[in-house]
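Could you slot chain B onto chain A? The hints should help.
Heads up: the sequence lines are chains A and B, in that order. Start counting the first sequence at 1243; every next residue gets the next number (the numbering used here). Start counting the second sequence at 96; every next residue gets the next number (the numbering used here).
Worth flagging that the hints you see were computed from the coordinates, not collected in a lab. Every value quoted in this text rests on a predicted model; they were computed, and no experiment measured them. Mixed in with the good hints there might be a few duds.
Pairs of lysine-lysine residues, derived as DSSO-like cross-links and limited to a Cα-Cα distance of at most 30 angstroms, are as follows [said to hold, decoys possible]:
(1) B:Lys248 <-> A:Lys1441
(2) B:Lys248 <-> A:Lys1584
(3) A:Lys1307 <-> A:Lys1361
(4) B:Lys383 <-> A:Lys1589
(5) B:Lys147 <-> A:Lys1558
(6) A:Lys1593 <-> B:Lys143
(7) A:Lys1558 <-> B:Lys374
(8) B:Lys372 <-> A:Lys1593
(9) B:Lys248 <-> A:Lys1558
(10) B:Lys248 <-> B:Lys147
Some chain B residues near chain A, calculated using beta-carbon distances under 7 angstroms [unchecked claim]:
(11) Thr97
(12) Ala152
(13) Gly171
(14) Pro181
(15) Thr182
(16) Leu193
(17) Thr194
(18) Asn206
Quick reminder that beta carbons are idealized off the backbone N, C-alpha and C, glycines included.
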Amino acid sequence: MRVNILIGGKAGQGINKVSEIVSSVLVQQGYFTFNYRDYPSLIRGGHNFNVLSASDERVGSIESKLDFILALDNNTIKVHEKELKKDGKIFSPDDFEGLGRNLNIALAGALIKILGIDKQTLTEEVKRQLKNSEEAVKAAEKGFDSQEKKFNLKKLNNKIKIMTGTIGVGEGAINSDIDLYLAYPMTPATGTMHYLAGKQYDNNFMVFQPENEIAVVNEALGASFAGAKTMIGTSGGGFDLMTEALSMQGISEIPLVVYLASRPGPGTGVPTYSTQCDLDIAVRGGHGEFPRVVIAPGDPIECIEKTNEAFYLSQKYNSLSIVLSDKHLAESEFSSDRLPNKTIPVKVKRKIPGEVITKASSYEHDEYGNTIESAEITKVSQENRVKKYEEIKKECQNFQMIKVYGNPKAKNLIIGWGSTKTAILDAMDKIDGSVKTGKGNYKFLQLLYIKPMSNEVEKHIEQADKVILIENNLTGQLGRYIREKTGFLIENRILKYDGRPFCCDELKQEILKIK
Amino acid sequence: MTDICRPFTIDSNAKDPLFSAEKITWCPGCPNFSILSSVKKTLNKLIKKGLKQENIAITTDIGCSSKIYDYIKVSGIYGLHGRSLPTGFGIKLGNPNLTVLSFVGDGGIYNEGISHLIHQGRYNADMTLIVHDNQSFSLTTGQPTATSQKGYKSKSLPAGQPDPPLNPAKIALAAGMTFIARCNARDIEHTAEVLEKAIKHKGFSFVEILQDCLIFNTENNLKDKLMYKVEDNKDKTKAGKLVEEYDYEKQDGKIPIGVLFQEQKPTLTDKWPQLKKLKDKGVSWRDK
Chain A
1243 MRVNILIGGK
1253 AGQGINKVSE
1263 IVSSVLVQQG
1273 YFTFNYRDYP
1283 SLIRGGHNFN
1293 VLSASDERVG
1303 SIESKLDFIL
1313 ALDNNTIKVH
1323 EKELKKDGKI
1333 FSPDDFEGLG
1343 RNLNIALAGA
1353 LIKILGIDKQ
1363 TLTEEVKRQL
1373 KNSEEAVKAA
1383 EKGFDSQEKK
1393 FNLKKLNNKI
1403 KIMTGTIGVG
1413 EGAINSDIDL
1423 YLAYPMTPAT
1433 GTMHYLAGKQ
1443 YDNNFMVFQP
1453 ENEIAVVNEA
1463 LGASFAGAKT
1473 MIGTSGGGFD
1483 LMTEALSMQG
1493 ISEIPLVVYL
1503 ASRPGPGTGV
1513 PTYSTQCDLD
1523 IAVRGGHGEF
1533 PRVVIAPGDP
1543 IECIEKTNEA
1553 FYLSQKYNSL
1563 SIVLSDKHLA
1573 ESEFSSDRLP
1583 NKTIPVKVKR
1593 KIPGEVITKA
1603 SSYEHDEYGN
1613 TIESAEITKV
1623 SQENRVKKYE
1633 EIKKECQNFQ
1643 MIKVYGNPKA
1653 KNLIIGWGST
1663 KTAILDAMDK
1673 IDGSVKTGKG
1683 NYKFLQLLYI
1693 KPMSNEVEKH
1703 IEQADKVILI
1713 ENNLTGQLGR
1723 YIREKTGFLI
1733 ENRILKYDGR
1743 PFCCDELKQE
1753 ILKIK
Chain B
96 MTDICRPFTI
106 DSNAKDPLFS
116 AEKITWCPGC
126 PNFSILSSVK
136 KTLNKLIKKG
146 LKQENIAITT
156 DIGCSSKIYD
166 YIKVSGIYGL
176 HGRSLPTGFG
186 IKLGNPNLTV
196 LSFVGDGGIY
206 NEGISHLIHQ
216 GRYNADMTLI
226 VHDNQSFSLT
236 TGQPTATSQK
246 GYKSKSLPAG
256 QPDPPLNPAK
266 IALAAGMTFI
276 ARCNARDIEH
286 TAEVLEKAIK
296 HKGFSFVEIL
306 QDCLIFNTEN
316 NLKDKLMYKV
326 EDNKDKTKAG
336 KLVEEYDYEK
346 QDGKIPIGVL
356 FQEQKPTLTD
366 KWPQLKKLKD
376 KGVSWRDK
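Next comes chain A alone, as it looks inside the complex (with noise of 0.2 angstroms):
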């Protein structure tokens, strides 16, 4: 069983909260949901939509043919009907005259009328998201009642929480024991900006959100040195103007933590919808030669998860760590019925000032801290920051630098990384099981760690017949990559750069299209 749902309107009208409604009551039914937010860049009126797709089993992304289409305004339907399938349903506005700013809670109550889930868990859960609003009770009713049950959702035994990227990077950076989070605001990556100044009282950390990005990052370098555990988040174009401190992070080595949340650029580029554009930035950007680690969760547990072992390996190192995200892991509400492993402890090791008297230079610089130019230092810096990194090359190994799904003996390997993931698990399901069975034609390398590469990854593409390459972007940077480390080039390509995230349907019609 599985329904994609459209909700759509005019920015104001509530989209967001008829996703909220809708899924927290199936998750509750035992039911996996994925929502997908679709925005332009303004605050009130044009045209939003979510697509929601349920599922009784695991469900990461949405699929292009709707069967329900929930209408805040009558644009919503001339844009999205011919997504409709033939048996969908669309509910107008028409249908609910004289609600006002309830109509969205009536189409919710509508819907689950329609999906067969009993009025009480309804209103039990509009009381509890609208703090017992009695003109939202009595418009979800409404809604509930004007509707024929057509599925019949039996509740299932799962366990599942829904979350999105932005608050598991939040949570992973709270369970580090976050001191300092420093931002400018910046889509997609201002929502864990948000998140965290909203925990920072009780979990006595700070955030604080300085006059540019320039000094979000000097700031945090400052911070850093005194002794707070300190985290940045960014896009591609505030990364850019961070890059000359982080590349002084890697002649400082002051520990940092960075999350880069990726929009379509270059330039201003479409700043509310999704791309995994900046993986090259990630890995590259800053001046000079220094060692980073950038990780790319494809999940929100596993933000949770890489977010820690970003602050783990950055404060064990002094070294950059760089959480790599985008839009779409960012703001997609993911469910997931898996726990996070458990957290690594991060702690501040070194003598920081107040204790003892300790410099950290952006100029080449003896052991003291005091600046140099002779050769024979300036070599041995330069050989230091190399051996620095094969150091933390070894420590990776003890992380999960990549995960194999589907057959692990399959010939057709598929590769990709961060927020593709869940689509292409969907997909390869939606073909032949590989995921759920471990048996089908297909077995998915996922790379959790950008940099460093894992050695496995090498040695996947040479069990291989077959290599498959899926990114969210123009050039795919990750098989450019993945050829600098191993020489090995990837002809088989399904890019999609137009800003929007892969369906499930139609990546199964990608990949299969490739002989």
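Then chain B, alone, in the frame of chain A:
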């Protein structure tokens, strides 16, 4: 992996506990030597009075001024050009118990880093900014900065600087800074007195030290004859007049030096309960 760099040992019995053995690479006779003397005089006095040497942290920019990083034995970060101030502010965020001094040149703070300067008037962190203003980019061989006089001919502007200079003291006042002072690099005693007041001030202290460059933009040198000392001023109207007296350009008239303005406002630590807690406990985040 443990410490970022090997910590220095503190010799509290030394005649000058701030002594650094690093070779000084300023030009012979550079007024930066005088500024270094003033800074060390002030810090040594404060150390004698009980300030812990390990509780001092400095940040520096890139430029002649910022070589001072190597010449004082205190904790610090040799930062990026234009970013000494946010780096110092970051140290304050990391541990509000530290006495933080950020050193900058006129190019670094009035050109590259001007946005950081303006916002410090709002944050009012309890720290001190020390501007070495020689009215040119000297370490890059004499290009004009925001405080170079109109008409200044240099290799990058052979026809002469067409634009008038900024008035940083006026900007500081407009930005709401709570301690604004100007000094003469050559007057070591007076500069040391002002620096002591700046460090003791609860809030953000802006101290601009006017200095000659012996190599570049020398036509702007020897302004000592125009300078006169003002009484510490807490009157904003008077401060408005004082900052107008010198436009960073004219070679006649007067240049007021001393504390041009001082007032009390809530500091960064007063405004953030998390920092207040660290301050009350006397610890950094590490030991929160």
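Verification of the supplied hints:
| no. | hint | in the structure |
| --- | --- | --- |
| 1 | B:Lys248 <-> A:Lys1441 | violated (55 angstroms) |
| 2 | B:Lys248 <-> A:Lys1584 | violated (65 angstroms) |
| 3 | A:Lys1307 <-> A:Lys1361 | holds (28 angstroms) |
| 4 | B:Lys383 <-> A:Lys1589 | holds (12 angstroms) |
| 5 | B:Lys147 <-> A:Lys1558 | holds (28 angstroms) |
| 6 | A:Lys1593 <-> B:Lys143 | holds (24 angstroms) |
| 7 | A:Lys1558 <-> B:Lys374 | holds (27 angstroms) |
| 8 | B:Lys372 <-> A:Lys1593 | holds (21 angstroms) |
| 9 | B:Lys248 <-> A:Lys1558 | violated (51 angstroms) |
| 10 | B:Lys248 <-> B:Lys147 | violated (46 angstroms) |
| 11 | Thr97 | holds (5 angstroms) |
| 12 | Ala152 | holds (5 angstroms) |
| 13 | Gly171 | holds (6 angstroms) |
| 14 | Pro181 | holds (4 angstroms) |
| 15 | Thr182 | holds (4 angstroms) |
| 16 | Leu193 | holds (6 angstroms) |
| 17 | Thr194 | violated (10 angstroms) |
| 18 | Asn206 | violated (14 angstroms) |
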